[in-house]
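> Sequence order for the protein chains is V and Y. Quick note on my numbering: the first sequence kicks off at 17 and runs consecutively. Quick note on my numbering: the second sequence kicks off at 32 and runs consecutively.
Where hints are given, some of them may not hold.
To be verified - The calculated BS3-like cross-link candidates involving lysine-lysine, where the alpha carbons are at most 30 angstroms apart (straight line), are:
hint, chain 1, residue 1, chain 2, residue 2
1, Y, 208, V, 123
2, V, 123, V, 199
3, V, 266, V, 248
4, V, 76, Y, 208
5, V, 123, Y, 45
6, Y, 208, Y, 116
7, V, 76, V, 88
8, Y, 116, V, 145
9, V, 248, V, 287
10, Y, 74, Y, 171
11, V, 149, Y, 208
12, V, 266, V, 215
13, V, 215, V, 199
14, Y, 45, Y, 208
15, Y, 45, Y, 130
16, V, 46, V, 88
17, V, 47, V, 248
18, V, 123, Y, 130
19, V, 303, V, 288
20, Y, 45, V, 149
21, V, 287, V, 266
22, V, 199, V, 44
23, V, 248, V, 197
24, V, 145, Y, 45
25, Y, 116, V, 149
26, V, 47, Y, 74
27, V, 145, V, 248
28, V, 123, Y, 116
29, Y, 130, Y, 116
30, Y, 208, V, 145
31, V, 215, V, 47
32, V, 88, Y, 130
33, V, 145, V, 88
34, V, 215, V, 44
35, V, 44, Y, 130
36, V, 76, Y, 130
37, V, 123, V, 145
38, V, 44, V, 88
39, V, 266, V, 44
40, V, 123, V, 47
Keep in mind that the hints were calculated from the coordinates and are not lab data.
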Amino acid sequence: MDTIAIETRNVDFSFPRTGLTISSLNVKVKKGAIYGFLGPNGSGKTTSIRLMLGLLSPLKGTILLFGRELSKVAPGIFSRIGTLVETPSLYDHLSAFDNLRIVQRIKNIPVEAISESLSLVGLNDVVNKPVGKFSLGMKQRLGLAIALMSNPELLILDEPSNGLDPSGMLEVRELLLRLNKEKGITIMISSHLLSEIEKLVSHVGIINNGALIFQDTIGALQQFQQPLLHIKTNDNIQAVDFLQTSLPAKLNCENIELVIDGDDEVAGIAKKLMVAGYDIYDLHVSKGSLENIFISITDKRQKKA
Amino acid sequence: MHLQLLQNELVKTKNTPAFWITLIGSAFLPMMLGIAYLNEWVKFIPNTSENPWLDYYARLVNGLCIVTPLFICLVVALIFNVEHKSQGWKLVFTLPVSKPAIFIHKWLLVAGIIVLYYLLFLLFSIVIAMILGAIHPEFKFLQNRPDSREVTLAVLKSFACNMGILAIQFWLSFRIKSVVTTLGIGIAAVITGLLAKDSTHAHLFAYVDPFKMLGYFYRPHIFWENYVWVSLTYFIVISVLSYFDFTRRFNG
Chain V
17 MDTIAIETRN
27 VDFSFPRTGL
37 TISSLNVKVK
47 KGAIYGFLGP
57 NGSGKTTSIR
67 LMLGLLSPLK
77 GTILLFGREL
87 SKVAPGIFSR
97 IGTLVETPSL
107 YDHLSAFDNL
117 RIVQRIKNIP
127 VEAISESLSL
137 VGLNDVVNKP
147 VGKFSLGMKQ
157 RLGLAIALMS
167 NPELLILDEP
177 SNGLDPSGML
187 EVRELLLRLN
197 KEKGITIMIS
207 SHLLSEIEKL
217 VSHVGIINNG
227 ALIFQDTIGA
237 LQQFQQPLLH
247 IKTNDNIQAV
257 DFLQTSLPAK
267 LNCENIELVI
277 DGDDEVAGIA
287 KKLMVAGYDI
297 YDLHVSKGSL
307 ENIFISITDK
317 RQKKA
Chain Y
32 MHLQLLQNEL
42 VKTKNTPAFW
52 ITLIGSAFLP
62 MMLGIAYLNE
72 WVKFIPNTSE
82 NPWLDYYARL
92 VNGLCIVTPL
102 FICLVVALIF
112 NVEHKSQGWK
122 LVFTLPVSKP
132 AIFIHKWLLV
142 AGIIVLYYLL
152 FLLFSIVIAM
162 ILGAIHPEFK
172 FLQNRPDSRE
182 VTLAVLKSFA
192 CNMGILAIQF
202 WLSFRIKSVV
212 TTLGIGIAAV
222 ITGLLAKDST
232 HAHLFAYVDP
242 FKMLGYFYRP
252 HIFWENYVWV
262 SLTYFIVISV
272 LSYFDFTRRF
282 NG
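Okay, chain Y solo, but in the shape it has when bound:
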């Protein structure tokens, strides 16, 4: 049954904006940075002993801090909009499937799409750097290798920092039928998070946590910083609450 439910969730995203936004969203930052490298390529030539991948990923991770929360707000709203728009809940809830199973498989789909977004981001970032290296050998992308451990940790940390937002947007998106409202709330919260990121105790607001990673590669860093714990706590508490809301009170 789990496989069938997962297949169904995947089929429902076929030909939807959610699918295309994941593809475009993951390629957006590497493409933009690639264009910047090509436009002002002299500026980006590294010093003799410098690994160009470090500066390249430092810039990309900074971009990831800003783009990912917006991507999450958009993609989660669009995934649930498929059910709202088609009045699909009344069909889903009159099929022989339990509500916990429906909740878990929707969550797996959303989580899967975000993981796909990060994986595609990594893939596009490597491919574009290789192309840049081929066009301008002075970038030395082909002569060096990225620090894969550091890059993986940065991406994992970005995911962890966004999990609080993911849980909140997930709950809002099944509760609020209007995609515009859900998205509006999400974007307003992300902008507030960006503006408030330097305030005292700002990290206690889930929408600030991804921005705490800005400048990640330019300073000494450890994985388990306070804001990561805050985001994960948000994720656990909100996910548990939304699970009970969905399985006990939500009727579509």
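Chain V extracted, bound-state conformation:
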């Protein structure tokens, strides 16, 4: 039995006019995983997802869904997949019910599934309201309901929390975790913010300028976390200038921050500041955020490019 839900092998793609290129994309999403597909805006996330769904044709390479080549199993394979690509595709002049009914008819699932999925996303009280009158967040929820309706084995969600308020984002996160845990649904979710999905995902792929620059478990990404030293002195502006002569210090609000290799560096830095005549009011070490790792990984690649 194949254990991979999505696999792209050396996929290349470029748009004729804009020239955005996907080069040698090798994504692997294991069955049962929640795969966070991360990258800054314009890095190629949506293009990659469109390629994975056959909405774009690759110039080179192979795309496999559940171990079988997409071109050979589409469109039948889509009965096992729920999708939400960018903004949800909704017919504004129709009600929420009619929008779901269109998908329900094609996927040949019971009509009851419509109210079940609307309840899942908290829209069961606006079943007959025209979608044109929905807020952005409600539309996003309805898009999720469409993706979830057929009880899919695989969910591909492109920035699903766009337009959702913080509590909505939390609800979606909890819903996806529950679906993954209880029903074993494999989820691929794209975002440009690691902080938004770091509590959700088991695996991470980072894409930048059309190339996959990191792909592993979230645990492996956490290993890149380095300790961050926070210092508060009587004159932070002068002190940061002083430290910058030998260390990568920077001023962040009321603190000086610098990445250190280990706790043993702390005493040396404190001594240096005191000898130079600065009074230290606060000194503590924290773990660098995953967001900083994400930014530093994508920044490094950008500078190289």
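With chain V's structure known, arrange chain Y on it following the hints.
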């Protein structure tokens, strides 16, 4: 699956301008002519031995030559605009339905709407003539019957003459996202067709063919005239090309 796809296509037109334009478009000519008959009713009283339906349908078919191409441009653009506006293609193409099936059912919807337009046109034309006959018995609509064979052939011929335009507008409408652009191209081509209708070889331009039917009832006529063949040839060639474009290259 065919029934579900057809039901979906019908649901998508619910509450859209396409639905209302079909209704209004089919009633437009009989209503306008009805108003003209009422305004100058003495002028329209037939001679003793004359069947009033002949003159009535001669006028209506002339109107049909001008209104139908415009109706087709508008309704086809509006039907595809439902998908463009809602970014519906990316949903449609990620459902377990083949592209040929999507193409064929969109075509069936468009063809069905145009057939409905003609049927409603016939219905409204009969109802309005009956009302006119009831208001002014001098019109003698109630004492006579229309030549149903001739009227049916005229309507079928009008449909055949518009099939070339239908195929071209169908292709343009799924390829071009802007409804204004598709409609603009269609209207400009229809106007060009109307202006160029008397030029040599003008019938080779699909947008001229419906206008070749002007004066249909006032002259001897056969069904299979050259321009009907031209329109049907356009229809077959363009439909085949657009089918391959849709199923192999079009991604929404």
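> Against the structure shown, which of the earlier numbered hints fail to hold, in ascending order?
17, 23, 26, 27, 33, 39
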